[in-house]
Each structure stands twice: as structure tokens, then as C-alpha cells.
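Undergrad: Residue numbers (the numbering used here), protein chains in the order written: chain A, 1 to 837; chain B, 1 to 302.
Read the hints as simulated data drawn from the structure, not as lab findings.
Computed from a prediction, not measured in an experiment: that's the story for all the values here.
By construction, the Cβ of each residue, glycine as well, lies at the ideal position given by its N, Cα and C atoms.
Any given hint might turn out to be false.
Rough simulated footprint, nothing fancy, chain B against chain A, three-plus residues with beta-carbon under 8 Å [as the list claims (entries may be wrong)]:
hint, region
1, 39-46
2, 663-673
3, 689-700
4, 804-813
So the chains spell out like this:
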Amino acid sequence: MLPTTDFPATLAREDEDEGLFSRDINGQLVRLDAPVERDYGRNITLQIDGQSVTVPMAEPSQDANGNIILDLEGRTTPRYTTIYDAATKLYVKQPGDEVKIPIPVLCHQAHMKPVAVCRLCVVQIYGQKRGKRAAERKLLPACQHQVKEGMEVFTMQDAGPDGERVRKSVKTLTELLAVDHLKPAPRAELDKELAPFNELGRLLSRCGADPSRLKSEVFSPLQPEAIAHRQRVDTSSPVFVTDHSACVLCDRCVRACNEVKGNNIIGRTGKGAQASIGFDLDEPMGESGCVQCGECMISCPTSAITFNPVASVKPVPRQGTVEKISAEELLKDPLFAGVPPKFLLWQEGLVVRRKVKAGSLLVHQGDPGNTAFILRSGRYQTTVYKSVAPDKKGFFSAWMANSSKEVVFEVEVTPADVIVGEMSCLSGSPRSADLKVLEDGEVWEIRRNVLDRLMRLPSQRQKFESAYRERSLNLALQSLSIFEGIPKEEYTRLIDYMRPRISFLKINPGQVLFNQGDSADCLYIVRLGYTRIGIRRYEQESRVVSRGPGGLIGEIGMLGLDAGDAYRSAEEVERSLVEVLNQDGVDLAKVLPTGVRSASCSALGQLEVARLSREDFLPMLRAFPTLRRNLIVRSLSFLKGDNNSDPILDNYVGQGLYEGRSILALNMDLCIRCDECTKGCVEQHGTHSHGVPVTRLLRDGMRLGNFMVATSCRSCVEAHCMVGCPVDSIHRGKHLQIVIEDHCIGCGLCANNCPYGSIFMVPNENAPVKAVSTQPGQTLRLAQPKAVACDLCDAEGEKDIPEPRCVSSCPHDAADRYTGEELLQLVLSGNSDPNRK
Amino acid sequence: MRIDRSHLPWFLTVTGVAALAALLYAANQHVVFLPLGLHLPSFLGPVPPASVTYGGTPLGLLFGGVAFGIFLFAAALGVRKKKRLWPLGSVQTWLKAHLWLTILTVPLVFLHSGFRLGGPHTTGLVALYAVVMASGVFGVVLQHFLPSLMKNSLQREVVFEQIPFLRAELLEEASRLRADVAEALALGVDGDGSPRILARFLDEECLPYLTLKSAGSCRLGNERNAAEMFKNLRINVRSEWRPRVAAMENWCQSRRMMDLQTRFQHWLHGWLLLHVPSSLALIIVTGWHAWAGLHFLVSKPF
Numbered sequence: 001m002l003p004t005t006d007f008p009a010t011l012a013r014e015d016e017d018e019g020l021f022s023r024d025i026n027g028q029l030v031r032l033d034a035p036v037e038r039d040y041g042r043n044i045t046l047q048i049d050g051q052s053v054t055v056p057m058a059e060p061s062q063d064a065n066g067n068i069i070l071d072l073e074g075r076t077t078p079r080y081t082t083i084y085d086a087a088t089k090l091y092v093k094q095p096g097d098e099v100k101i102p103i104p105v106l107c108h109q110a111h112m113k114p115v116a117v118c119r120l121c122v123v124q125i126y127g128q129k130r131g132k133r134a135a136e137r138k139l140l141p142a143c144q145h146q147v148k149e150g151m152e153v154f155t156m157q158d159a160g161p162d163g164e165r166v167r168k169s170v171k172t173l174t175e176l177l178a179v180d181h182l183k184p185a186p187r188a189e190l191d192k193e194l195a196p197f198n199e200l201g202r203l204l205s206r207c208g209a210d211p212s213r214l215k216s217e218v219f220s221p222l223q224p225e226a227i228a229h230r231q232r233v234d235t236s237s238p239v240f241v242t243d244h245s246a247c248v249l250c251d252r253c254v255r256a257c258n259e260v261k262g263n264n265i266i267g268r269t270g271k272g273a274q275a276s277i278g279f280d281l282d283e284p285m286g287e288s289g290c291v292q293c294g295e296c297m298i299s300c301p302t303s304a305i306t307f308n309p310v311a312s313v314k315p316v317p318r319q320g321t322v323e324k325i326s327a328e329e330l331l332k333d334p335l336f337a338g339v340p341p342k343f344l345l346w347q348e349g350l351v352v353r354r355k356v357k358a359g360s361l362l363v364h365q366g367d368p369g370n371t372a373f374i375l376r377s378g379r380y381q382t383t384v385y386k387s388v389a390p391d392k393k394g395f396f397s398a399w400m401a402n403s404s405k406e407v408v409f410e411v412e413v414t415p416a417d418v419i420v421g422e423m424s425c426l427s428g429s430p431r432s433a434d435l436k437v438l439e440d441g442e443v444w445e446i447r448r449n450v451l452d453r454l455m456r457l458p459s460q461r462q463k464f465e466s467a468y469r470e471r472s473l474n475l476a477l478q479s480l481s482i483f484e485g486i487p488k489e490e491y492t493r494l495i496d497y498m499r500p501r502i503s504f505l506k507i508n509p510g511q512v513l514f515n516q517g518d519s520a521d522c523l524y525i526v527r528l529g530y531t532r533i534g535i536r537r538y539e540q541e542s543r544v545v546s547r548g549p550g551g552l553i554g555e556i557g558m559l560g561l562d563a564g565d566a567y568r569s570a571e572e573v574e575r576s577l578v579e580v581l582n583q584d585g586v587d588l589a590k591v592l593p594t595g596v597r598s599a600s601c602s603a604l605g606q607l608e609v610a611r612l613s614r615e616d617f618l619p620m621l622r623a624f625p626t627l628r629r630n631l632i633v634r635s636l637s638f639l640k641g642d643n644n645s646d647p648i649l650d651n652y653v654g655q656g657l658y659e660g661r662s663i664l665a666l667n668m669d670l671c672i673r674c675d676e677c678t679k680g681c682v683e684q685h686g687t688h689s690h691g692v693p694v695t696r697l698l699r700d701g702m703r704l705g706n707f708m709v710a711t712s713c714r715s716c717v718e719a720h721c722m723v724g725c726p727v728d729s730i731h732r733g734k735h736l737q738i739v740i741e742d743h744c745i746g747c748g749l750c751a752n753n754c755p756y757g758s759i760f761m762v763p764n765e766n767a768p769v770k771a772v773s774t775q776p777g778q779t780l781r782l783a784q785p786k787a788v789a790c791d792l793c794d795a796e797g798e799k800d801i802p803e804p805r806c807v808s809s810c811p812h813d814a815a816d817r818y819t820g821e822e823l824l825q826l827v828l829s830g831n832s833d834p835n836r837k
Numbered sequence: 001m002r003i004d005r006s007h008l009p010w011f012l013t014v015t016g017v018a019a020l021a022a023l024l025y026a027a028n029q030h031v032v033f034l035p036l037g038l039h040l041p042s043f044l045g046p047v048p049p050a051s052v053t054y055g056g057t058p059l060g061l062l063f064g065g066v067a068f069g070i071f072l073f074a075a076a077l078g079v080r081k082k083k084r085l086w087p088l089g090s091v092q093t094w095l096k097a098h099l100w101l102t103i104l105t106v107p108l109v110f111l112h113s114g115f116r117l118g119g120p121h122t123t124g125l126v127a128l129y130a131v132v133m134a135s136g137v138f139g140v141v142l143q144h145f146l147p148s149l150m151k152n153s154l155q156r157e158v159v160f161e162q163i164p165f166l167r168a169e170l171l172e173e174a175s176r177l178r179a180d181v182a183e184a185l186a187l188g189v190d191g192d193g194s195p196r197i198l199a200r201f202l203d204e205e206c207l208p209y210l211t212l213k214s215a216g217s218c219r220l221g222n223e224r225n226a227a228e229m230f231k232n233l234r235i236n237v238r239s240e241w242r243p244r245v246a247a248m249e250n251w252c253q254s255r256r257m258m259d260l261q262t263r264f265q266h267w268l269h270g271w272l273l274l275h276v277p278s279s280l281a282l283i284i285v286t287g288w289h290a291w292a293g294l295h296f297l298v299s300k301p302f
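Construct the complete structure from the given sequences, taking the supplied hints into account.
TA: Written as C-alpha cells, this is what we have:
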């Protein structure tokens with residue numbers, strides 16, 4: 001190998017530079033600069049089939065769920081706007097309009113990075129050559145080609161010669177693909193259902209192609225053994241069937257597996273006629289590391305990857321009548337246009353129709369929210385109560401709790417609002433409001449994975465996000481503790497003041513919101529998730545706290561306070577502040593010196609915060625004296641707090657205990673390590689779920705003070721595990737615990753997502769098991785894995801209060817379930833009294 | 001089980017019942033003990049007892065019967081623990097009842113026997129009873145103190161059943177290091193002799209320590225010795241080998257922790273090896289004693 005030092009530096013530099021260049025329409029080398037954030041503001045106007053459209057030069061890159069990708073410093077990653085994006089803007093006005101785009105695509109999907117391998121989206125482009133209008137020599141892929149100012153684009157819809165050229169090309173390409181790869185689904189019983197949704201088949205009829213004209217004798221046929229690799233049907237997976245002969249090598253499955261899901265199982269293998277997709281090192285799907293999440297099958301535009309019907313989702317019984325809605329009916333609805341048909345066909349019962357009667361309660365505040373409701377007809381009312389009554393034993397105390405509910409917010413919703421309940425469904429948090437039926441009607445109840453799919457469609461996402469935003473705002477504001485004690489009239493004025501001034505931000509895990517010493521330019525309110533706040537003193541982090549939903553961040557800096565103010569009285573601070581605030585005709589932002597952040601703040605997980613700028617915050621301080629007072633008292637109390645490092649608090653935050661709703665903690669002063677908790681767990685659950693006894697807990701874990709936090713599901717406030725389940729088999733139960741339904745396909749996504757290792761993947765002996773012989777005389781049993789997690793021994797929600805067997809089995813009263821805060825208080829108070837319950 | 005405030009009601013109940021039993025016994029022997037001219041009902045037996053064997057009197061039989069009933073109940077704890085799903089009350093209450101009711105049997109047995117050992121059979125029975133009670137009390141004392149001691153002594157505990165596998169993993173790691181060292185020696189990169197020193201240490205100290213099932217006699221089994229030995233080793237090898245020395249030190253530390261945990265675990269549960277069989281024997285012998293006594297009573301009544 002040539003040593004790197006011998007390689008001429010100049011040559012290396014030239015080689016690097018060449019990679020950044022391409023030739024433009026004039027044949028001149030042009031530098032391909034990466035887009036930058038300022039390109040978002042540069043508008044480009046181009047013409048598509050004679051219609052003018054203006055689009056930004058670049059757009060922020062988004063992930064498969066439509067979330068903008070941010071780097072560690074919170075910056076977006078720009079990507080050039082493509083011709084296909086421009087055509088989408090021009091033709092798609094409402095959901096379902098995607099079919100009107102005159103650019104057919106096979107390898108491209110809106111949520112994927114374009115690769116332009118199928119070349120069916122080709123268009124004729126005209127640009128400026130030496131100041132004159134000139135056509136591009138080649139047809140270029142619209143999915144990948146960036147827009148340019150003054151560009152003219154002709155698609156197959158154009159009636160002129162350019163359109164004809166495009167049509168011919170698309171038609172021939174379609175015929176070439178169809179003659180080899182347009183195949184019926186390998187499972188005959190599914191073919192009737194799937195055939196209408198074969199994108200290659202649909203394209204044939206769209207461009208009037210006739211693959212039969214390409215007779216096999218026109219081309220010399222390949223020897224069967226040469227293409228045997230491409231002809232095989234892989235039935236090794238219990239969930240999916242792969243017919244390699246139907247694969248058009250569009251790479252949608254490859255990108256779905258690697259980029260969307262990050263599983264990195266599917267890739268390309270072979271060359272020439274033997275080129276195909278392969279699982280791992282070209283192993284059969286069922287024997288590869290494939291987790292069977294189904295993303296590849298849903299992405300496949302042909303019948304190359306199809307499914308075996310495995311998941312039958314049972315509708316949850318509630319008031320009114322329930323009826324499963326067929327995929328056929330859903331696909332006719334404009335709302336579902338764009339959702340992959342295979343996805344809807346794969347699982348039954350993802351969407352159910354509910355006929356609801358006036359006066360009934362569809363949703364109860366505080367209940368687990370695993371579904372959302374699409375309103376079809378009727379009238380409804382959402383009511384937010386100040387606090388959800390805690391579970392109390394006894395009729396009288398429960399009655400007292402119910403009677404003390406105070407209405408905070410009430411609004412009527414109709415089918416024009418399209419969707420309700422999406423907040424809980426998306427975030428995995430409990431229902432934030434009651435939903436009462438005012439007039440008989442019909443709702444479609446959709447599960448989270450359907451909502452995820454809908455959110456991938458840009459047109460739907462926009463609609464849902466605006467509804468989500470408006471409702472989040474009301475909830476974020478009503479949950480703030482600093483509003484306590486504010487008279488109702490002042491409170492209403494305050495909410496009205498803040499509503500138009502607040503914006504929402506989504507922060508990725510680990511991302512820094514601000515650093516200690518930064519200037520304080522805005523106030524944050526935590527809507528969802530948790531933050532880590534650390535104070536550094538003498539180059540050491542001396543204090544760590546966490547703030548959860550409803551928490552306020554940055555108020556100390558916004559008030560211009562610092563550690564030196566800790567021993568001033570609230571009256572004194574307020575007096576000096578009011579003196580400045582009450583000056584007439586001055587710009588408060590200039591008169592009051594900008595404070596600095598007294599701590600660094602970062603996101604502990606996915607975080608959603610509401611943001612109020614300093615320019616809006618200062619007038620609010622002037623107008624609302626009770627709020628001002630609350631903020632000052634709160635800030636001073638924080639500044640006065642113990643600034644010494646506390647390893648317990650550090651551990652508490654480090655172990656993520658703050659988000660635990662039901663943490664199994666063992667008092668190590670009482671525990672005699674008899675494992676009765678584990679044995680109780682195994683006995684309680686029996687062999688029902690997996691065909692073999694399975695434990696939901698490991699008596700092993702990190703310590704916090706005298707307690708050991710066992711490895712068992714904590715029923716986190718933010719359920720990381722629920723994100724992205726392809727079959728929506730994981731959700732919250734009656735006690736907000738995590739419940740895994742029997743139709744889990746064992747993809748392992750939830751186990752990977754759980755930061756605390758509390759979900760175990762165990763072979764399901766109830767599912768098809770096969771024996772593979774490894775060596776003569778030896779067989780290896782293979783069973784489909786299935787996720788298992790603690791469901792507090794009440795998966796069905798039959799009990800009013802859960803009685804986990806791990807706790808009741810402990811003869812020494814060492815095991816108990818706590819919320820994170822309860823556990824922290826117990827440890828800090830040094831209380832290990834078993835009578836604490 | 002830790003004896004704490006939650007046991008106070010049990011303590012008071014047992015003390016009260018024991019006092020009542022003692023009063024009944026005393027009143028049965030000396031009627032003058034009863035205040036306000038009260039006397040025991042006649043079915044509780046003759047006053048003073050006609051028989052020299054107090055256990056044969058109705059009151060003595062009552063004490064004995066209750067004690068035997070408690071023995072049976074105490075033995076049922078094992079069944080209760082096995083049948084976790086049966087709705088038989090909480091296992092914590094069962095354990096407390098096991099503990100305190102068996103303590104209650106001490107006065108009952110003494111009152112039943114009339115503070116006499118009797119013949120060889122009853123003497124043997126009392127000896128067996130003493131073994132059961134002593135082992136039980138020893139177990140309670142261990143369970144009261146050992147969990148805290150264990151928590152403070154062990155920085156990190158592992159699942160006890162996993163210890164053999166974890167030990168095997170440590171040994172595998174060490175063997176891999178030995179192979180690396182051997183390879184370095186074979187390639188002649190001995191330099192200042194570091195690989196040789198490491199090889200000798202591995203062969204003479206580390207590997208035997210990690211291999212032996214019971215390694216209490218090894219020098220590395222002692223924390224202070226081990227620290228000294230690794231300190232010397234670090235000084236004698238070149239800097240690039242020091243991370244390996246640190247890894248070795250970690251393995252030995254883990255092994256020591258696991259050995260200590262094993263010892264604790266054996267202490268915590270080892271007493272049951274005496275307590276459970278002796279309890280079973282006690283029930284059988286007491287059953288036979290009851291049958292024989294009643295048979296004798298029926299054939300030769302007062």
C-alpha cells in the first residue's frame with residue numbers, strides 16, 4: 001500500500017476539489033456548495049408545465065416523522081428544494097392530491113432521502129445557456145434535482161414534444177420493469193387484496209404501458225441458473241414473504257431499514273442480473289438479524305415483500321358500538337390517502353368506528369391515552385379540570401374528590417377540528433381533558449401507529465400539528481405552578497396575553513437549551529419531557545436538578561437576578577424592579593439590564609418547551625403583579641437553596657428516576673436477597689404470554705441511598721418504549737402502566753428504546769416455533785421473540801389499585817413501588833421505615 | 001426480617017397472652033392468686049392437679065394443644081410461600097405471625113410441661129424444640145443485621161445465581177490476557193521484561209485466584225495484600241501494560257466482591273438448613289408425643 005506521506009499533496013487536494021464540482025448546462029464546471037440556513041429565505045420561481053411556482057431555495061432536513069433534524073447546537077441541516085418538492089407545492093392543496101402530481105415516482109417517498117435509481121420521475125428541464133433558453137441534454141430525475149431560478153420543467157402531462165419525450169421514457173422504463181418484476185403476491189389469498197396497490201401495476205395503467213410487447217425473444221433470455229438468485233421466494237420469516245423476482249431494486253426497503261428505522265439489516269447484494277436485496281450477509285430473512293418491524297414491507301412498491309396477516313388488534317370496549325373499518329374503506333377517505341395500503345391491510349382493527357350517544361363521556365381526564373379520535377359527525381366538548389382526583393379508596397373520599405373538580409378550560413369541538421386526543425396518543429401521557437358527547441355522532445378511533453403514519457404525510461402533519469400546538473398551549477399555561485393564587489380575572493387576562501406570544505420548540509435528547517453565563521433572552525415552560533439543570537461553581541458541577549412538565553426554566557436570568565441576590569428579601573427585589581418597570585415611555589428591554597443564566601440547562605430526553613421572549617416577558621411583569629411576586633419568591637428560593645453537590649440528587653437525575661411513575665425499589669436494609677419478588681412475578685404471570693415462565697423484573701440495578709432500583713418497568717411519565725411500535729402493541733393500561741399486547745411481532749424496538757433495560761425480548765413459545773438443525777444430531781429451536789414488561793400485574797385493568805406481586809410477595813416488606821419523587825424524598829429523609837405506606 | 005416499630009403490636013399481644021397463660025397456670029396451682037374470690041371453671045381441671053404430669057390436665061392440654069397448633073401454623077409458612085397466588089393474607093403478616101407466635105410457644109411449652117423435663121422422650125423433645133428456637137432466633141438476628149452490613153460492605157451486588165457465570169467470564173478475560181502476553185513474549189517484544197513479569201504474575205497469582213472455587217487462602221483474596229501486590233506490579237511494568245494491570249486489579253476486586261457476597265448469602269440463608277429439618281422433626285415428634293399422651297390419657301384417665 002502506498003504510504004500516505006508519499007501521495008503528492010497537490011494531487012490529493014485536486015482530487016478533493018474535483019469532488020465538489022459538477023458541470024452546469026453550459027458544460028462549465030460549477031461548484032456544488034452545500035445549502036446553508038440563509039437559503040431558506042431565498043425564493044426561487046420556476047415553471048412546471050407552464051405554471052409558475054415559488055419555493056424556498058432550501059428546506060430544513062426532516063426525519064421520517066417530519067421532525068426537523070437538529071444538530072447538537074440546535075441548528076437545522078438545510079437541503080436543496082427539489083423539482084418534486086416544487087411540484088408537490090403546486091399540485092397538492094389538500095390530502096389526497098398527491099395523485100395529481102404529474103411526476104410518477106417509484107423509488108422516492110416524501111420521508112426518504114432521494115436516490116433517483118428508478119428514473120421514472122424524469123422531467124425535461126430548460127435553463128439559460130449563454131443567456132439563451134436551452135434544453136438539458138438529458139432527462140433528469142425530479143426527485144433529486146434542485147430547483148434553479150427561471151427553470152422551466154416539463155413533465156409527462158405536457159402536451160408538447162417535451163412531454164412526449166418524457167412520456168416515452170417513462171413508458172419504456174415502466175414496461176421494462178413490469179415485464180420482469182410485475183408479479184402477483186406469493187400468497188394467492190392476499191393477491192386479490194394487494195394487486196390494486198402494486199405501484200408498478202398502477203403506473204402501467206397511468207402511462208398506458210404494455211409490457212407484453214417486450215417479448216422474451218426480443219432479448220436473449222438469461223440462463224435460469226444465472227438468475228436463480230433473483231427468482232427465489234423467501235418464506236423463512238413467519239411474518240413476511242420476500243419474492244426477489246418482484247423486486248425492482250428501488251432501494252426503498254434498504255432506506256426504510258437503514259435510515260428510517262436504523263436497523264441496518266437490508267442492503268444490496270450481487271451484481272448484474274443477480275443483483276438483489278439481501279438481509280445481513282444475504283441470509284434468509286427469518287435467519288437474519290431482521291427484527292420484523294415491517295417498515296420494508298410497507299415501503300415496498302411492488303409485491304416483493306408482502307405479509308402474512310399476523311396482528312389482529314382488538315378494539316377496546318367502551319360506550320357505544322364498535323366496528324372495525326376495512327382498509328378498503330379507509331383508503332377511499334381523503335384523510336387516509338397517502339397512507340401505505342399495505343400498512344392498513346396488514347393489521348386489522350387499527351381503526352374502529354364508534355357510534356357515540358349524546359351525554360356519554362368518550363375520554364376521561366387522567367386515563368391512559370393510547371388512541372386519537374377523528375371526528376366524523378356530532379358535537380363534542382372538551383373540559384380540562386384543574387387537577388385530576390387522585391385514586392382514593394372508599395366511596396366517600398372518592399365522591400369528595402370528584403366534587404372538588406374545578407373547570408379550567410372548556411371548548412366545543414366539531415368534525416371541522418378533524419382530530420382530538422392526539423396529544424396523549426403522540427406523547428404517551430395521560431388524557432389531559434374530558435371529552436363529552438353533546439350530540440349523537442360517529443368517531444373513528446385510530447391507534448398511535450396510524451397517527452404516526454398520518455403524520456408522515458406533509459399535508460396531514462401541518463393540520464394535526466396546528467391543532468396540537470393550540471391545545472398544547474392551553475395545557476402548558478394551565479399547568480404552571482406560578483399561576484397559583486392569581487385571581488381568576490387576572491388569570492384570564494394573563495392567558496390571553498401569553499397565548500399569541502408563546503412559541504413551541506422541540507428539543508432533542510442531550511441538546512443544550514442554554515449555558516450558564518449566557519444572556520437570558522427568553523423564558524421556557526416545559527410542556528413535555530424533562531430537563532437537566534446544572535450549576536457550575538469553581539469548575540465543578542455543584543448542583544443538579546431536573547424540571548418536568550409544567551416546570552419553568554430561566555426565570556432567574558429573566559428577572560436579572562444572580563447568586564448575590566439570594567439574601568435580599570422578596571419585597572426589596574420587587575421594589576427595585578417595580579421602580580424600573582413603572583417608568584413611562586421607555587423600552588423596558590433597554591432600560592433593564594439583560595440578566596445572565598445562573599445554570600446550564602439541557603434536555604434529558606425528548607423535550608417540548610413553550611418559549612416567551614424577553615420583550616414580551618417584561619411588559620407581562622409590569623401588568624401582572626401577582627405573577628411578578630410569585631416569580632421573585634420562586635427565584636429567590638432557588639438561589640437560596642443548598643448549592644453543595646449532592647450525590648443522591650446527581651444519581652437521581654443520572655438514573656432517570658425523575659420520570660418514574662412506578663419504580664420498584666428494594667430497601668437494602670430489609671432485603672434478605674431471597675428473590676421472592678422475582679419468584680412471585682414469575683408465578684403471577686405463568687406461561688400465558690410466552691408459553692414458558694417469564695420474569696418481568698431482575699433483582700439487580702443501581703442504588704439510590706439505601707434502595708436498589710430493580711430492573712423492572714418504571715411506567716415512565718414519557719414512555720420512550722411506545723415510540724414507533726409498528727403494530728401498536730405497546731401502550732398504557734388503566735394505571736398508566738406499560739402493557740404489551742399479544743400481537744407484538746417481536747421487533748425489539750421498544751426494548752431498544754427503553755433507556756433502563758426494563759423490557760425483555762423473550763422467545764415466544766406460543767408462536768410458530770421451528771427447529772433448525774445446526775449439526776448432525778443437534779437441533780436449535782427458533783421462536784419469534786416477544787417483548788415483555790412489568791404491567792403491575794393488572795394488564796386488563798381489572799383492579800382499582802394495582803397490587804404488583806413483586807411487592808406483595810416480599811416477606812420482609814423490603815420491596816415497594818414509588819414515584820421518582822417519592823423515592824427521592826424517602827432517601828433524602830433517610831426514612832426506611834416499612835410502615836411508610 | 002428487621003425487628004422494628006411495626007412489631008410492637010405483636011410484641012404486646014404475645015406478652016399479654018403469655019401473661020394470661022401464666023396467670024391461668026398459677027391460678028390452677030394456687031387459687032389464692034385469683035383476685036376477688038374468682039376461681040377457674042371446673043373443666044380446666046382439678047386444683048391442684050392430681051397428676052404429676054401437668055401436661056395431662058385440661059389446662060396443660062390446652063397449652064400443649066395451642067403450642068402444637070402454632071407449630072403447625074409455623075410450618076405452614078413454607079406452604080404459604082410456595083402458594084403465592086392463594087388469597088391467604090399477606091406474606092409479611094404470615095412471617096410476623098410465624099416469628100411472634102413461635103415465641104409465644106416458649107411460655108406455653110413451659111407451662112404445658114409444668115417446668116419439668118420429664119422422661120427421656122420429653123427431654124429429647126425439649127432439646128429438639130430448643131434447637132428449633134435457637135436456630136430461628138439466630139436467623140432473625142442474622143436477618144436483622146446482615147442486610148445492612150451487606151449493603152455497606154458490597155459496593156455492587158450481582159444476582160447470586162449468576163456468580164458462577166460471572167466468575168467464568170473473569171477467568172476467560174484473564175486467560176485472554178495471558179494469551180496476549182504469551183504472544184508478546186513469542187514475538188520477542190519483551191523490552192524491559194514487562195510481559196515476563198505479567199506472565200509470572202498471571203500464572204502464579206491471578207489465574208489461580210480466579211480459577212479456585214474457594215480462594216480464601218490466596219494472597220489476592222485479601223484486599224490489602226492485593227492492593228500492595230498490584231502497586232508493585234504497576235511499578236515494575238512499562239506504562240503501556242498498566243491498563244492491563246488495572247483490568248486485572250478490577251477482575252480480582254470483582255472476584256473478592258463475589259466471594260464476600262457468597263459468604264453473606266450463605267450466612268443469610270444457611271441457618272435454614274438446620275431450622276427447617278429440625279422444625280419438621282419437631283412437628284413429627286410432637287405429633288407422636290400428642291398421640292401417645294392422649295392415648296395414655298384415654299386409657300388411664302384421672
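Undergrad: Would you mind marking each hint as holding or not holding in the structure?
TA: How the hints compare with the structure:
{"no.": "1", "hint": "39-46", "verdict": "violated (count 0)"}
{"no.": "2", "hint": "663-673", "verdict": "holds (count 6)"}
{"no.": "3", "hint": "689-700", "verdict": "holds (count 3)"}
{"no.": "4", "hint": "804-813", "verdict": "holds (count 7)"}
When held up to the earlier numbered hints, the structure conflicts with hint 1 and nothing else.
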